[in-house]
Every structure is written in structure tokens, then in C-alpha cells.
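Asker: So you can see what is in the structure, the chains are spelled out below.
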Amino acid sequence: MTKDKILQAPDMNVSAEERAAGGRKSISKEQVTKYLPYITLFSLVALISLYDPAFLKLENLLQTAQDISTLFIMALGMTFVIYIAGIDLSSQSVASMTTVIVALLLPSFGIGAALAAVIIGAVFGMASGLVHTRFKIASFIATLAVGGIAYATGQVVSGQRSTYMPADLREQSMGWMVGNTAGIPHEIFVALALLLIALFIERRTVFGRSLKAVGSGELAAVASGLKVTKIKVMTFALSGAFAAMAGVMLATRLSGGSPTMADQFLLPAIVAVLVGGTPLTGGVGGVLNTLIGALIVAVIRTSMTYLEVPAEAQQIFFGVVLIAAIALTIDRSKVKVVK
Amino acid sequence: MLEFKKVEKTFPGVRALKGIDFEIKRGEIVGLVGENGAGKSTLMKVIYGAYQHDGGEVLINGTPVVFRNPRDAMENGIGMVFQEQSLITNLTVMENIFLGFEAQFMKFGIINWRKMAQAACEQLKKVKLDVDPYTTTSELSFTQRQLVELAKVLTLEERVEGDLVILLDEPTSVLPRKEIELLFDLVRELRSRASFVFVSHRMDEVIELSDRIYVMKDGEVVDVVDSDGCDVDAIQHKMVGREIDKRYYREDKKHPYQQNKVLVETRNLGKEGEFSDVSLKLRAGEVLALVGTEGCGTEGVIRSIFGLDKPTAGELYLNGEPVRAFSAFNGVRSGVGYIPRERKIEGIVGGMSVVENMTLANMQDYSTWGVFKSGVERELAEQWVSKLSIKTATIDTHCGNLSGGNQQKVVLSKWRSAGAKIILLDHPTRGLDIGAKEDVYDMVREMCDDGCGVILIADTLEEALGLAHTIAVFKDGEIQKWFESGGDHQPDQYDLLHYMI
Chain W
16 MTKDKILQAP DMNVSAEERA AGGRKSISKE QVTKYLPYIT LFSLVALISL YDPAFLKLEN
76 LLQTAQDIST LFIMALGMTF VIYIAGIDLS SQSVASMTTV IVALLLPSFG IGAALAAVII
136 GAVFGMASGL VHTRFKIASF IATLAVGGIA YATGQVVSGQ RSTYMPADLR EQSMGWMVGN
196 TAGIPHEIFV ALALLLIALF IERRTVFGRS LKAVGSGELA AVASGLKVTK IKVMTFALSG
256 AFAAMAGVML ATRLSGGSPT MADQFLLPAI VAVLVGGTPL TGGVGGVLNT LIGALIVAVI
316 RTSMTYLEVP AEAQQIFFGV VLIAAIALTI DRSKVKVVK
Chain C
19 MLEFKKVEKT FPGVRALKGI DFEIKRGEIV GLVGENGAGK STLMKVIYGA YQHDGGEVLI
79 NGTPVVFRNP RDAMENGIGM VFQEQSLITN LTVMENIFLG FEAQFMKFGI INWRKMAQAA
139 CEQLKKVKLD VDPYTTTSEL SFTQRQLVEL AKVLTLEERV EGDLVILLDE PTSVLPRKEI
199 ELLFDLVREL RSRASFVFVS HRMDEVIELS DRIYVMKDGE VVDVVDSDGC DVDAIQHKMV
259 GREIDKRYYR EDKKHPYQQN KVLVETRNLG KEGEFSDVSL KLRAGEVLAL VGTEGCGTEG
319 VIRSIFGLDK PTAGELYLNG EPVRAFSAFN GVRSGVGYIP RERKIEGIVG GMSVVENMTL
379 ANMQDYSTWG VFKSGVEREL AEQWVSKLSI KTATIDTHCG NLSGGNQQKV VLSKWRSAGA
439 KIILLDHPTR GLDIGAKEDV YDMVREMCDD GCGVILIADT LEEALGLAHT IAVFKDGEIQ
499 KWFESGGDHQ PDQYDLLHYM I
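Chains as they are written, first to last, in my numbering: chain W, 16 to 354; chain C, 19 to 519.
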């Protein structure tokens with residue numbers, strides 16, 4: 016729509032070259048990229064309902080949404096990091112670690128255990144951010160390293176064993192997270208509440224605006240006096256906190272913690288962000304996109320169950336989808352040379 | 019030899035070239051001028067094969083041709099010397115010259131370096147550049163690299179049959195005057211080997227070098243003039259279709275500055291390898307121009323004042339307060355606004371809307387506890403859009419979709435709305451067309467009337483002389499000479515040049 020307005024005002028001074036360079040190709044591509052996630056989701060749902068109409072049953076849809084909630088929460092945090100053109104590979108390790116922490120702390124602190132776990136997650140994220148910005152180390156290396164630390168911490172703290180939550184305590188402090196109201200699983204409410212918070216951060220806060228500036232024009236952000244380093248550290252901390260929340264929910268749902276509990280999460284979480292339409296180059300997309308992305312992942316998972324693809328083989332497919340999603344969404348004008 | 023007949027090029031929504039007639043004869047130097055968006059670049063791209071025309075004919079010696087890509091054009095003797103240098107800096111000079119065409123020196127897949135070096139020497143002789151072909155390109159100066167680039171294009175001479183046409187796109191934009199002269203002499207000598215198309219924003223240079231000048235406006239050739247006896251005003255008039263009078267720099271709106279209100283003071287400020295011993299004062303209402311050749315340190319001075327660079331010696335005072343921590347954040351807090359040369363990289367965030375760009379430097383003013391107050395920033399943006407007549411569809415349009423002039427207005431309103439009183443302008447009119455330049459000059463005057471101080475690194479000496487109250491001439495990172503503009507002894511460009519080089 017903006018395009019039409021521009022063209023109606025020929026004295027806009029948009030040079031012919033600029034228009035030519037950004038002409039039809041990029042505008043139509045822009046629009047395709049914008050709607051691609053919706054088209055994908057819709058087509059997948061259509062395909063799978065053709066294969067098995069039972070998929071569209073409310074009960075089944077709710078089940079699918081419930082199953083994806085934990086992953087979605089992790090992906091929300093990841094979205095912020097990818098939005099500033101970084102990546103957080105520590106998410107699943109942080110989530111695994113927090114399942115252990117929350118299970119261990121629950122007997123002494125009750126709901127405070129969840130809070131402590133989230134703070135610890137944020138601290139790990141902050142550590143990634145500091146390593147990334149202070150030492151100027153690419154975020155994937157920084158988070159890989161911090162993720163390693165988190166993973167090992169989980170192993171050490173748990174003594175490499177699964178820890179169980181006493182059923183009564185779990186029910187008392189965390190029960191609200193996993194119950195059902197009017198047939199709707201509470202995980203869905205929690206995930207939606209977190210989505211609203213994330214959306215508020217993204218759209219309405221100075222921090223959210225700063226993320227956009229850093230994501231789409233970091234040097235201009237610096238030259239406008241933004242504290243870019245601080246913003247980045249906060250972003251990674253936020254991602255760590257969301258990963259920890261995913262961990263808390265996972266632990267509650269499975270009544271215990273294990274240092275490998277979230278092991279299969281990272282790849283689909285990244286896939287959810289990318290197929291949702293937040294490219295690795297950052298600056299566009301956002302948490303609403305990630306909702307769509309997560310739903311796509313959920314539908315893909317369900318279809319693979321229908322098609323009787325074993326769980327351990329699903330990662331093969333997500334790997335392929337990840338590559339395709341990157342290839343489709345990445346803004347190549349921002350990436351001059353790939354090394 | 020190369021001839022365009024009614025050549026058309028249409029992009030969706032834009033007719034970029036409307037029936038261009040263009041001809042270049044053997045050994046001729048043809049100038050090409052026009053405002054931004056007039057179609058110069060499109061025409062150049064059609065000539066060297068980056069775009070394909072979709073109407074009319076391109077003829078070489080009377081035969082119609084279509085170049086599918088630049089390599090195709092090269093094989094027909096058309097080469098391009100790029101504005102942004104296209105050499106790979108960690109390769110040697112000779113590797114660059116023969117990049118992509120090494121086969122001639124190969125035997126069984128092995129390159130005979132000595133043979134290539136000899137051939138490279140031949141090419142370098144053509145451009146009178148005396149460097150060892152084994153030199154790594156990064157060790158050369160900017161001018162030398164430009165000559166290597168020219169030598170690279172001249173290899174076409176041996177490779178293709180027929181005549182050469184070489185396109186020079188803004189070759190002088192970053193060269194000091196002396197080297198421009200050398201380049202021009204060289205081009206004149208080389209006309210025995212090739213014809214040239216010369217594109218430049220600097221009208222005087224185009225007139226000096228070219229035989230004939232094509233004036234473009236809105237995708238059309240509006241005039242072809244002989245460079246003998248033509249004058250700059252007449253051509254500019256044709257380019258814009260309006261008169262540029264003596265009030266171009268708004269000198270009638272230039273008011274005296276406030277002597278006693280010092281906004282910026284530097285004492286022996288220095289940064290290793292960039293500038294040293296810089297002592298200057300900027301007062302409210304003053305335009306202080308820093309002039310000098312490229313790389314003379316002026317850019318470092320203003321980046322240090324803003325806080326993006328950290329000086330290594332001397333002191334800086336903003337509004338009388340000494341600056342201890344250098345960061346852009348602190349600069350902004352002290353009321354400094356920086357309009358960088360790289361507008362699209364450091365000035366605007368292309369992917370953000372007009373309103374988002376305008377409030378980027380002082381988001382805290384539009385928010386409570388980090389949450390935006392609804393409506394306030396939009397109101398402000400609307401005000402600035404109408405105040406500076408920024409041409410944008412809405413305030414939610416992405417800034418990257420605006421023209422250069424309007425982008426610059428957005429950057430300026432970002433700082434003005436943030437309450438900046440110290441405005442640092444680094445080539446604020448670079449790449450803008452004349453109308454947009456005039457708007458920038460208007461804004462400079464308005465800011466001065468509002469009590470701002472402006473430090474300007476001008477695009478041309480003329481601009482510095484026209485706008486500034488005070489001029490500091492830099493050479494090799496040091497202030498050589500101070501001039502007062504507008505007094506009894508109005509300096510001219512030659513006075514400044516004298517101290518620059």
C-alpha cells in the first residue's frame with residue numbers, strides 16, 4: 016500500500032535508480048516473505064486435515080497447542096536475540112539446567128524455586144551477552160560456550176540423575192501451570208500471557224524500539240546515542256529468562272528435572288523463529304511471527320506422528336526445514352560475504 | 019562508434035530512460051551531468067551491460083547490440099571504472115589487473131608470474147603508474163588504486179578488437195585537487211586509445227575535461243552542449259529547470275553569532291594518527307567550517323566531539339563542562355547531534371519508520387518507565403514532517419524508502435527534536451540534488467537563529483565559504499589557518515586551497 020502512495024507522488028524525490036533497484040522484485044518479494052508463514056501454516060493444516068480430518072477436532076488442536084507451549088516460550092526469548100541478528104544456542108541447555116534447579120529447590124522454596132530458576136537463566140543469558148559484546152565474540156560461539164557451561168552445571172547439580180518433584184508440593188506451588196480450565200490446558204494460557212508480555216516489550220517499550228534499531232541499523236543506533244552493548248546484554252538475559260521459563264514449565268509438566276530434558280528443543284525453537292518470518296539477519300519479524308512459526312512446527316510434528324516418523328528422526332526433518340527457512344528469509348543485501 | 023537511438027528503460031512504475039539519444043565518437047570525452055534521479059546511473063548501467071534496454075537501439079559502429087551482462091559489454095570494448103573501487107586489496111597489483119583473465123599466462127593450470135608481471139608493467143605504463151606489479155594492492159594510495167583500476171580496464175585494448183569506451187563514474191569525488199589534475203591529464207592523453215564517458219557532480223570538472231556534455235533531467239537528455247564557452251550557471255539551470263541565484267547559501271539569513279556563549283571548546287585536542295593540537299571554539303549561532311583534503315583529520319575531530327572516537331590528547335569542553343567519558347551516549351546527553359557522512363549507515367535506520375527514526379535519540383522523552391506514551395511521539399513527528407516539508411507518504415513509511423534529501427531532513431529533525439544545540443554536519447549535502455541542498459542550507463540558518471552552533475565539514479569549498487562564519491583550514495591533521503567569512507577580507511577558494519595543500 017505504501018508503494019502505491021509513493022508512486023502517486025512523483026516528486027517524492029525517490030530517485031529512479033532507487034526505485035529501480037528496489038522496484039517490483041523486492042516489493043513483491045517483501046510481500047511474499049510477509050505472508051509466507053501464514054500461507055505455509057494454512058497449507059499444512061489443509062494438507063493434514065485432508066489426510067486425517069480428525070486433526071481439526073478441537074480436542075486435538077488444543078492438544079497440539081499444549082504440546083508446543085514449552086517450545087514456544089523458548090522460541091519467544093530466541094526471537095529477541097535473532098531480531099538483533101544474533102543467535103542463542105544456549106537455550107536448550109539453560110532450559111535443561113533449570114528443570115534440575117527448579118526440581119531441587121521446590122521442596123525448600125515452593126514457587127520461589129521458579130523465580131530463582133528464571134533469575135539463574137537470565138544470569139546465564141547475561142553472561143552470554145557479556146562474552147559476546149565485551150570480547151567481541153560472535154554470538155553463536157559465545158552462547159555455545161555458555162550453553163556448555165549451563166549443560167555441565169545441570170549435570171553436576173543433579174548428579175547426572177533425574178530428580179523428582181514431590182507430588183503434593185508440585186500441586187501446591189506449580190499446579191496452576193498444568194491444570195485444565197473449561198477443557199483448555201493451562202499451558203496455553205501461560206504461553207499466551209508470555210506472548211502478550213513479549214509483544215508489549217517489542218511494540219510499546221523503549222527497549223523494544225532499541226532492539227529494532229540495533230537489528231536493522233546498528234551503526235545508526237550507536238550514532239544516535241543508544242547504549243547498544245547494554246541493549247544486547249539485556250537481550251541475551253531476556254532470552255535466558257525465557258529459556259528458564261520453558262524449563263520450569265517442562266519440569267512441572269513432567270514432575271521432575273533432568274539435565275538432558277530439553278535436549279531436542281533447540282533446533283525446532285530456531286526453526287519456529289525463522290519459519291515465522293524473523294530472518295537471521297534481524298530487524299524484521301517479531302514475536303507474533305514466532306507464534307505462527309511455532310504453530311507451523313506443531314503441525315509438522317503432528318503430521319510426522321500421523322505419518323509414523325519416529326521421534327528421533329524428526330530432527331532430520333527440522334534440520335532440512337531450518338536450512339530452507341534460512342535460505343528463504345535471509346536478507347542477502349545485509350550479508351555481503353559469507354565465511 | 020557507440021550510439022544510442024531512442025533508448026528506453028522502464029522499471030515498474032518508472033520510465034527511467036525516455037528515448038535517450040546518445041553518441042560517443044572515437045577519442046572523445048563526453049560528460050554526463052544531471053541531478054540525482056535524472057537517469058545518469060541507469061544510462062551508465064545500460065552502457066556497461068548491467069541493465070538491458072527495453073526500447074530503441076544501441077549501436078556499435080552501426081550494428082545493433084544488446085549486452086546481456088558486463089562481461090558481454092567488455093568483450094565489445096566497454097569498460098567501467100567504478101566509483102567504489104572494485105579492486106581486491108589483498109591481491110597484488112598484477113593479480114587485480116588480470117583478475118578473471120589469467121588464462122593467457124597459464125600453462126597446464128600454472129600461472130607464469132613473470133610473464134604476468136611483464137604484461138602488468140605494460141598496462142601500468144599506459145596510466146603512468148610506477149609501482150611494482152608484485153605490490154599488494156592495499157599498500158597503494160587511493161589515487162594509485164584508481165589508476166590500477168583504469169589500467170585494468172585498459173587491458174581491454176589488447177583483448178578486444180575495435181575501439182574502447184571507458185566509463186568513469188565520479189572518479190574525482192574523493193581525490194584531492196592535485197591528483198584530479200594528474201588524472202585529467204592522463205585521461206586526455208589516453209584518448210588516443212579510448213573514448214571516455216565522464217560522470218561527475220562537480221560541474222567545473224566536467225566542463226574542464228569533456229568535449230561535449232549531455233545534460234539529463236527526468237530520464238531525458240535535455241541538452242547537449244559543447245564545453246567550449248559554456249558556463250556552469252546555464253547548465254545547472256537546465257538540470258534543475260530553475261535559476262540558482264546568489265542567495266543559494268542563504269547568506270541574507272546569516273546573522274552574527276553570540277560571542278560570549280561558547281558551546282564547544284577544544285584545547286590541543288589530538289588523536290594519534292588522525293589529528294593533533296586542535297584548539298577551536300564554537301559559539302551559539304555560529305557556523306564553523308572545517309576544510310581540508312580527504313583524510314586531513316576533520317572527520318576525526320567531529321567524531322571525537324560527538325564521542326564516537328576517543329581522543330588521545332588534549333581536552334574537550336561541551337557547554338563549559340569538561341568531557342571525561344567519550345561515548346555517543348554522553349555526546350547526545352550533552353546536546354550534541356551528529357549528521358554523519360554515511361547517511362544510510364549511520365544516519366538513518368532504513369528499516370524503521372520516519373517517526374521511529376525521529377525519536378531514536380531521545381526515546382526517554384516520549385516514555386515513562388521505558389514504556390512509550392501513546393500519541394506523543396507521533397504528534398511530534400507530524401509536526402516536524404510539516405515543518406521541514408518532508409516528503410513521505412505517512413510517518414510510518416520506512417525511512418529507507420525516502421529520497422536522500424528527505425532522509426537527511428529526518429536525521430536533522432531527530433537531533434533538533436532531541437534538543438541538540440551543537441550540530442555536527444559531516445558532508446550534509448553529499449549526494450543530494452540541488453533543491454534538497456537548499457533545504458539543508460535553510461535548516462542550517464534556522465538552527466543558528468535558534469541558538470545552535472554548527473560545525474560543518476562541507477562538500478565543497480564553495481559551500482564552506484557560503485555557509486560559514488568561521489573557517490579552519492586543516493592540513494595533515496593540524497589547523498593551518500583561520501579565516502573569518504563575511505568580514506572586510508572575504509576569503510575565496512584559492513585562499514583556502516593555498517593552506518590545504
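Calculated directly from the structure, the hints in this document are not laboratory data. Each hint should be verified, as a subset may be incorrect.
[As the list claims (entries may be wrong)] Using 20 Å as the maximum straight-line C-alpha spacing, the simulated DMTMM-like pairs for lysine to aspartate or glutamate come out as follows:
hint	chain 1	residue 1	chain 2	residue 2
1	W	K72	C	D383
2	W	K242	C	E176
3	C	K133	C	E176
[As the list claims (entries may be wrong)] A short, non-exhaustive set of chain W residues, derived as facing chain C with CB atoms under 10 Å:
hint	residue
4	R219
5	G223
6	R224
7	G232
8	E233
9	G240
[Unchecked claim] Rough simulated footprint, nothing fancy, chain W against chain C, three-plus residues with beta-carbon under 8 Å:
hint	stretch
10	81–92
11	268–278
12	378–386
13	464–470
It should be emphasised that the depicted structure is a prediction, and the values quoted were computed from it without experimental measurement. Glycine residues also receive a C-beta, built at the ideal position from the N, C-alpha and C atoms.
Asker: Mind listing which of the numbered hints don't hold for this structure, in increasing order?
Answerer: Per hint list: 1, 2, 10, 11, 13 violated.
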